[in-house]
Amino acid sequence: MTFQLFVFLVFALTLLGAATAVITVRNPVNAALFLVLAFFSSAGIWLLLEAEFLAITLVLVYVGAVMVLFLFVVMMLDINLAPITEGFASYLPVAVGVGLIMSVELILVLSRDFFSAEQFPQPTPKPADHSNTEVLGELIYTEYLYPFEIAAVILLVAIVAAISLTMRKRPQTKYQDPSEQIKVSKADRLRVVSMDAEEKP
Amino acid sequence: MWDDLLYLITVVGKILLVVLPLLIAVAYLTYAERKVIGYMHVRIGPNRVGFKGLLQPFADMFKLMTKEIIIPDNSSRFLFFIAPVLALAPALAAWAVIPFAEGWAVTEINAGLLYILAMTSMGVYGVIIAGWASNSKYAFLGAMRSAAQIVSYEIAMGFALVGVLMVSGSLSLSDIIAAQSGGVFHWFMVPLFPLFVVYFIAGVAETNRAPFDVAEGESEIVAGFHVDYSGMAFAVFFLAEYANMIMIAALAVIMFLGGWMSPIAGVADGAHWFFAKVSFMLLFFLWFRATFPRYRYDQIMRLGWKVFIPVTIVWIAVVGVAVFFNVEPWFALREAG
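These protein sequences, in sequence, are chains W and S.
To convert, note that position 154 of the first sequence is 154 in this note's numbering; the numbers rise steadily by one, no gaps.
To convert, note that position 71 of the second sequence is 71 in this note's numbering; the numbers rise steadily by one, no gaps.
Some clues are possibly wrong.
[As the list claims (entries may be wrong)] Interface residues of chain W toward chain S, partial, derived using beta-carbon atoms under 10 Å:
(1) Leu15
(2) Val29
(3) Ala31
(4) Asp129
[Claimed, not checked] Partial chain W-side listing against chain S, Cβ under 8 Å, derived:
(5) Phe72
(6) Pro83
(7) Thr133
Simulated from the structure, these hints should not be mistaken for lab results.
For glycine and all other residues, C-beta sits at the position ideal for the given N, C-alpha and C.
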């Protein structure tokens, strides 16, 4: 067993274990943390494929940002598992049916010649100074420019839509307007009253 | 087989060569912090243990090591114990690619900058998990504040580094430093000054240091995410925070202050310049803490989203135009790699 195979096995088994745990553990926070572990292990496998840019970006974007927000939300929710798991048995036949159909479909697709091992010859190792990032950047900005730009626009639209859907003024929330706070002068807040030191008898 | 073993031994040796001095640096950074802030407050600071208090960090360390670790009831035990480790591990792992001088790095990878960003972005897990696993309201509030703050400032920090990328034309840290050779006017601090300021302040915010330390704001939430930690478990959080500070300072030096390059053209470059610059940047962390009062939480968010991110975006556009027109001497398009 070569060292690479050993590393692959470690990452692959961790990935499978973590992915299984995501859907089996009861506590949603633990499930989210297992999902983090799954992302991290798949990043390790991508590194073995010499796709260092994708691997590091996966950690940076999904582990470092998306999952943090995810955990943020999951931790604040008070999820009561009892009503969610209620009626598990009555849904079971439908779920098994859907699962079976999906597995059969997947098996049919994946057993085609297109995904066979011959179609994907073992990649030749690149020299140590080969920069994955550079190659990717060049391809994205020349050959795949339009798909890339279209994807960017779609994402932008999604951002704008998400913000406009969730942004609403709540009347009971108190907002502070910093510019107004700064503009306040002594005259607005303070009134100097001239009065006698002592009331005259 | 023997070659592999030898390789393993050299790598472990290199790691020890980085980590052990780093831990000592952390210990003496705490001493320096107390001394510097002491002098700024016109008092003496620690001066009892050893000559001028020089053994104070070790006294603190032994005290923390001999203290009992208390586990709160109803806490998630495994997560409670793994949280400090998750805070420390990324802080140390990021040091793997930091070049101290020409060729002095544990490893040189050509996506070094990305690797560092990925590692520093993972440090937040220690804080969030600690806050949640402690099963305490104060710890949880601290964790929530910290998560929101780190995610917000990471964007500004990433954008600031995009500017460095555009000017240097490389993701490799050694190439970025090499692109800044030739004296203080070739350092990226000069053409990218707004990004430098944004990067460093965002770095202070990322490490949860004063004035951005709302995650542990004593006056509101006791000690924030580590309120339930004691003894060595607390010490590991402490280590992670200071290792991160040194990390941010080292990165600022590499990205904007020319790394190991000497400030005057012609004077020999070397690791001593790197260490001198890092110490100088670290002084700012201590100085900030002694000077500024803690920010209010909404002010932190406003600064991050409404000031820093627009500033970086505008400056990236400026750099883009300058690079396009090959403005000498900073923005001449460099051959990548």
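- Hint numbers the structure violates, sorted upward? Violated hints (numbers, rising): 1, 3, 6; every other hint is consistent with the structure.
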